[in-house]
Every structure is written in C-alpha cells, then in structure tokens.
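**Q** Sequence:
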Amino acid sequence: MTRRQTLVRRLRRDTRGTALIEFALTAPVFLLLLMGIFDYCWQMYAQQVLQGAVSQSARLATLENNAEDQSDLDDNVKARVLDVFKNADVTFSRKAYESYDLVGEPEPLSDKNGNKVWDTGECFEDMNGTGSWEADRGANGNGGAEDVVLYTASMKFNRILPVWRMLGQPQETTLRAQTVLRNQPYGTNTATRVVICNK
0 MTRRQTLVRR LRRDTRGTAL IEFALTAPVF LLLLMGIFDY CWQMYAQQVL QGAVSQSARL
60 ATLENNAEDQ SDLDDNVKAR VLDVFKNADV TFSRKAYESY DLVGEPEPLS DKNGNKVWDT
120 GECFEDMNGT GSWEADRGAN GNGGAEDVVL YTASMKFNRI LPVWRMLGQP QETTLRAQTV
180 LRNQPYGTNT ATRVVICNK
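The sequence shown begins at 0 in numbering that gives the first Met the number 0 and counts up one residue at a time.
Be aware that one or more of the hints could be misleading.
Below, simulated DSBU-like cross-link-like pairs (lysine-lysine); rule was C-alpha separation at most 35 angstroms, straight line [said to hold, decoys possible]:
| no. | residue 1 | residue 2 |
| --- | --- | --- |
| 1 | Lys77 | Lys155 |
| 2 | Lys155 | Lys111 |
| 3 | Lys155 | Lys115 |
No lab work stands behind these hints, which were simulated from the structure alone.
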C-alpha cells in the first residue's frame, strides 16, 4: 500500500473538524432565514402602527369640524409612522362615495359592446365631476355630509436588513392601510350626477 493511499484512508476516518464544516455550510442559510424573519416582523409592526393611526384619524375625519381641513389628521398619522420608520415617505388619499356598496365601483355607462369600459360614443354618468369616465367613481377628497370615505395612507421605506437585496428583491417597499367610514350628517349632501354622451 502506498503512502498516498494510507494518508487518504486516515483522513477518511478522521472526524475532527466535521462540525466546523457543517456549520460553515448551514450558517449562511440559517442567518439569511433569521434576518428575513426579523425584517418581516418589523414590517408587520410598522403595518399595525400605520393601520392604528389611520383608523384613529379616519374616525376624527368624519366629524364636521374636520370636514374642511384634513391636514392636521394626516400630520398626526405621519408623526406616528415616523416614530417607527424615520425616513418613510408617507402619502394620503381620500375618495368619497354615496354608499358603502359603491366603493371602488366604476361610473355607470351605456356599455354597448359589453367590454365594461367606456368607448367613444357611449354615454356615462359622471359621478365624481372629472368630466371623463373613471373606473373608480370616487370623488377625490373627504366628500360631504353622509358620504362614505375611503381613506388610504401609504408609507414607502427601505427595509432595515439587506436580506431582500441578497434574494434579488428591491430594498424599498410600500405598506398601505385603508379604512372606510361614513361622514356624520352635518349638512347637505354634495353629490352631483351629470350624464355625458358627446365625448
């Protein structure tokens, strides 16, 4: 038997250092998984903070004394979000509808060809005052008395751990929180309907 064969046989039987090699193989996967769990939990916490702030501000937005100016309510939501994510970009939108069942629905139209979108020559009912057919009939803003308002806050931020970049995902992500509430009956309803056929 040659010296080389003896050396190979001895190395096969030697189990010292096996744990180190096994750790070197499994540690990167374990650390990647651990970082992903931490980052996901942090995002879940941020989502709950955002949803809580949006729900509180939306309840206050239905009161008459907040009907004209919603900026203080938006500033409150933004402040609560920025306590958690310092560099988040927080944006807001409000859409007003006549009732809950109309949230997200398109404006009514005489759909001659049945494709569920407005085509030239078809009449439509302009529910939000834009002068053109919209796939969402909601009017921008907080609406009027007894209107149903869809309040949305979005926060765009960079994830805190690089695990997403390592997986080929974008480091930036956006969380959204929404709530739907009805304004109090503090005045007359401001809904307007105009049928438009010559566009």
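**Q** With reference to the structure, classify each hint as holding or not holding.
**A** Hints versus structure:
1. Lys77 to Lys155: 12 angstroms, holds
2. Lys155 to Lys111: 41 angstroms, violated
3. Lys155 to Lys115: It holds: about 33 angstroms lies between the C-alpha atoms, which stays within 35 angstroms.
Comparing the model with each numbered hint stated earlier shows that hint 2 is the single one that does not hold.
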